[in-house]
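Asker: One letter stands for each residue in the lines below.
Protein chains: 4
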Amino acid sequence: MSKIRAAVVGLGYWGPNLARNVSQASADYELVGLCDKDEKRLGRIGELYPQTKRYTDVDALLREGKPDLVCIATPVGAHHPLAKAALEAGAHVLCEKPLAATVAEAAELVELAHKKDRRLFVDHTFAYTGAVRAIRKAYVDRALGDLFYVDSVRINLGLFQPDVDVIWDLAPHDLSILSYVIGRRVVSVKATGSSHNPRGFADVAYLTVEYEGGLQAHLHLSWLSPVKVRRMIFSGTNSSLIYDDLEASEKLKIYDHGVTFDVADVEARKQVLVNYRRGDMRAPALDNREALTTELKDIAAALRGGPLPPAMGEDGLEVVRVLEAAGASLAKDGARITIS
Amino acid sequence: MSKIRAAVVGLGYWGPNLARNVSQASADYELVGLCDKDEKRLGRIGELYPQTKRYTDVDALLREGKPDLVCIATPVGAHHPLAKAALEAGAHVLCEKPLAATVAEAAELVELAHKKDRRLFVDHTFAYTGAVRAIRKAYVDRALGDLFYVDSVRINLGLFQPDVDVIWDLAPHDLSILSYVIGRRVVSVKATGSSHNPRGFADVAYLTVEYEGGLQAHLHLSWLSPVKVRRMIFSGTNSSLIYDDLEASEKLKIYDHGVTFDVADVEARKQVLVNYRRGDMRAPALDNREALTTELKDIAAALRGGPLPPAMGEDGLEVVRVLEAAGASLAKDGARITIS
Amino acid sequence: MSKIRAAVVGLGYWGPNLARNVSQASADYELVGLCDKDEKRLGRIGELYPQTKRYTDVDALLREGKPDLVCIATPVGAHHPLAKAALEAGAHVLCEKPLAATVAEAAELVELAHKKDRRLFVDHTFAYTGAVRAIRKAYVDRALGDLFYVDSVRINLGLFQPDVDVIWDLAPHDLSILSYVIGRRVVSVKATGSSHNPRGFADVAYLTVEYEGGLQAHLHLSWLSPVKVRRMIFSGTNSSLIYDDLEASEKLKIYDHGVTFDVADVEARKQVLVNYRRGDMRAPALDNREALTTELKDIAAALRGGPLPPAMGEDGLEVVRVLEAAGASLAKDGARITIS
Amino acid sequence: MSKIRAAVVGLGYWGPNLARNVSQASADYELVGLCDKDEKRLGRIGELYPQTKRYTDVDALLREGKPDLVCIATPVGAHHPLAKAALEAGAHVLCEKPLAATVAEAAELVELAHKKDRRLFVDHTFAYTGAVRAIRKAYVDRALGDLFYVDSVRINLGLFQPDVDVIWDLAPHDLSILSYVIGRRVVSVKATGSSHNPRGFADVAYLTVEYEGGLQAHLHLSWLSPVKVRRMIFSGTNSSLIYDDLEASEKLKIYDHGVTFDVADVEARKQVLVNYRRGDMRAPALDNREALTTELKDIAAALRGGPLPPAMGEDGLEVVRVLEAAGASLAKDGARITIS
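Chains as they are written, first to last, in this note's numbering: chain A, 1 to 340; chain B, 1 to 340; chain C, 1 to 340; chain D, 1 to 340.
Be a bit skeptical, because a hint or two may be false.
Chain copies aren't distinguished; within one or between two, either way the pair holds.
Claimed, not checked - Below 25 Å or equal to it, Euclidean Cα-Cα: the simulated BS3-like pairs (lysine-lysine) are:
id	residue 1	residue 2
1	Lys3	Lys40
2	Lys253	Lys66
3	Lys137	Lys253
4	Lys228	Lys253
5	Lys66	Lys40
6	Lys3	Lys66
7	Lys84	Lys3
Think of the hints as simulated: they come from the structure by calculation, not from any bench. Please read all numbers here as calculations on a predicted model, not as lab measurements.
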């Protein structure tokens, strides 16, 4: 079976990880091109892959390198033109998240991919981690039961991004995890936030995201916390789960706790007996492989006719919809913005 | 100097702590009466204080016991009639928080105390802990600098309260701590929440509280979390602070971290340089005395002409105002409710 | 069924807990006497139990109070004369640990109890906690498999004891837990330690305790650690267990981890393949009742003809044997002291 | 200034880190050779350094590559012949720890380096970390005061080494840290341990190491612990310190705690008053640079006439002396082995 000719565009923070993983997955891929406008950066990374051609111009890459798959890891503003060019050149695309800077752009990419019959993958990396896959399993298998609510805290000191606010920087992680785990659409968003930097972007924000069926998720996002926290709570009727991504081991703790209500007289609403159950806690052993390794394997399988992986263009578009709605809510003092 | 004749009304969860502390503070107080409608409960606690008279009726207590100070630790619905009766009988009052079930009731009590020239103390216990006093010091001394924002997480599994929702149960702690630490008034409140119990009370809620000067505090309150968390973040320009009340030692961690912005060209908003400083962390040694011990000492001093302690009727009224506004916001899908 | 007439002798740190628990266990016990040489202390505690007679002299207590059970919670030096007097007066005894200051004294008490047909219980409190009972269950049920080794760290800052060294102060906890969990006798002890106080007692010590079957337990005991640690590791062939007594919840963590060895050529000892298994971690829900409550219930049952509880005079004697041997090893630069 | 021509011999676990750091330190070094007997491994690592020559034979490397510095990262058994060859060829040597498999071999290397006037550096990496440098500072500056004792726990599940026991595998870390921090010689060692693997090597061991001046350090070393722990306690008269190498931030916590003794009557040894002081805890900000980066910079400076770095051949020899003595103690049931 011939190898997938893959190229990486954008060699800032994330691109080198893509390049390394593509290169290591040599059974499936051949790294045929590296592209960055910054020649120094291109040289520094390129040196590690002496067999791979280097480009400062994406058109040259597409024309000469003829890649089957273009992995895009640039700032979000460049996603749309690059992905569009790649799709039009007949390549499949793996695009960093968020998929694009506006819903219109993201929707255009999704449509274009359909039209060209190319695959548009979105790099929702967390959906390929052992931890998030185990959360999805606990949800789908009904170990959690029905969800009461989800709370996520994703805070740290900096890094202030030059081009996006804290919502666009951090919320895509939570939104893509939730979309993958519960498989439901977002119905509405409310956002509050504040800005303490000269650019006037929000650097602290809180989102209340309502999903189909009434489930609420709440996100605390901040670049101004003295400590780094990556912690999600999934509170369910059968059991509850805490996912702390900074734990070296025991990232996931499933608490066999529960609350049930006995109502003797619903009319009167007086005779409600609350029963608490506190059972064992279990931290399941997790698949520790690097998420990108799994992701590239799944993508290769999809390109060879296998099932599609969990994060396609439509999923990326959904995330952008929520981000855009959150911005609208911020501008309206936290009003609920409905997503059609 | 004659002792303060104190009585405790309501011997459920908190009342016995009041009784024990009054009894131990024998240099300042004499425990002259215990009162509870439930005779069994009254007997069980009363047994520990053989010298103290027992009452099932508060009027009998006021008439016969002639207490100087009545400590009220009943469900919130009874605060108003009991405190009113005590003040009218000429006693000072120490009332459990929240001060009353409505702003109207709380305001009436504050006014009555003024008219009768009696002291109305509110039992904002946290304001008397070593940890919260150290936070106030760090704020007042400018160790924190200006505050960016405050975030509080106060969550656990249950205990569902029969008479109030999760906001009335848990938010008074945060609101009284914040009021004491920063000494500013609340300007507006937004609340979202959800209910998963047959009574229809909110059991998960998020509050965004804006203080004078634009400072925002955000509260996550829940009876449906698998784990108990009591954690406040005070993020400041000079340093930041984490207060974890469940830590046995090191409840307070002050991070000498900071962010500053160098703006080369404000017009262009392009040349913003973000500088991060990461210095030492310090966990100050804290006064470990039981808060109630300090509180009763401060109250005794006030009753003997000393300065008033930090939590008076007005402070309690302010908390009730915020709670009532939060309820109004909940009912209006999270709309901002301004507090005049 | 008539109640057991119980008395408490020694009202320092632990005695008041005994008194409170005896008093609360009113279905089984009547608290008929409190005894302490220090009249002030006796008065302060005695006040809480107005129905109970107070004694400064144990003979008067035994003569007048005629207790069925005497609970002894004095410094260790007084255990022997007090327990002896109580047994000779026909009472059963519950004695604080360590049972006596020497093997000779402890052995005499065990013998005397047999001769008088009275029960001599030793207050190995940990054997009645939910955590230690769960460890025993994990061991007995073979969840742990065979034990590789046990390591315990029991360290803190102070409290320096006036009458015993750090080994006599802290090791009884570990030794009684181990004796209860694994049910084996100690074969030999080695001890090293050092002293940094003017009395010359060891304030830091390490014990290596060998049990029947070759199992080794190692104890780190210290009054000179900046932090308090209470942590035991039970490393086993099937799974391993960490018991952290300072954890509020999740005191016990059972790791379904393992190591096995495949030996291709034992002669050569070269072809050893080591296989690691890393499975789930589980923190079982534990019985949270106060240990003394369980202990007094078990003792009452035993006095009424039920099975004997896990910590009898012989067990207390065994602990004293190990302590004495540890002292001998300390004196011989850590030489192995065999226990016959 | 001409670059130091450096080569790396042994490309197993640690060698690739050396190669990467030498390559990155391109201001000081030129990576002129990579050497490993295993051609596959050599190819895999060599690919990353296309400019660097590859050798399967060290003699060829020395002859053709003419390196100024040979970095040796092979199993310990090969250190002696390789370092000897390199020194005799006129190269300086940076040797992985432990320096050699026996005292005799290590001593021969130290002597040879002197004779040839070459530098023999030992790769005691921890001495170049920000954390250990901060510990040394706290000790040298007398922030800790005099040390009461040091305790280290270095345990994990595996990795069983094929050629050495758990002492040779793990103790070099502790011994080199201690040697660097306190700058004293070891006087004697006692070791106990046990073996649970078919090879019969110790896989659990405890060392008691006595330093000049009577200071005792105690090491718990294990390949059979369910959890990984890397934790040292330095207990001192002025303050105490905990170093937890697995903490992402706050690796070092300095506790301003203390114990002092007031002795009223030394003769009687009765009137000893123990005073406890519990002050702040401080976690200093640490230099987070990779230790190898610092180490290579210091080595380059030394080779250019600057001061020698903290870990030279003599330091490596000292560690091997302690390891050999520990083995002798193990064989003699834990007897104290004096180091001359």
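Asker: Now tell me, hint by hint, if it's right for this structure.
Answerer: Results of checking the hints against the structure:
no.: 1; hint: Lys3 with Lys40; in the structure: between (29 Å within a copy, 23 Å between copies)
no.: 2; hint: Lys253 with Lys66; in the structure: neither (46 Å within a copy, 54 Å between copies)
no.: 3; hint: Lys137 with Lys253; in the structure: both (14 Å within a copy, 23 Å between copies)
no.: 4; hint: Lys228 with Lys253; in the structure: both (19 Å within a copy, 14 Å between copies)
no.: 5; hint: Lys66 with Lys40; in the structure: within (24 Å within a copy, 32 Å between copies)
no.: 6; hint: Lys3 with Lys66; in the structure: within (13 Å within a copy, 41 Å between copies)
no.: 7; hint: Lys84 with Lys3; in the structure: within (23 Å within a copy, 48 Å between copies)
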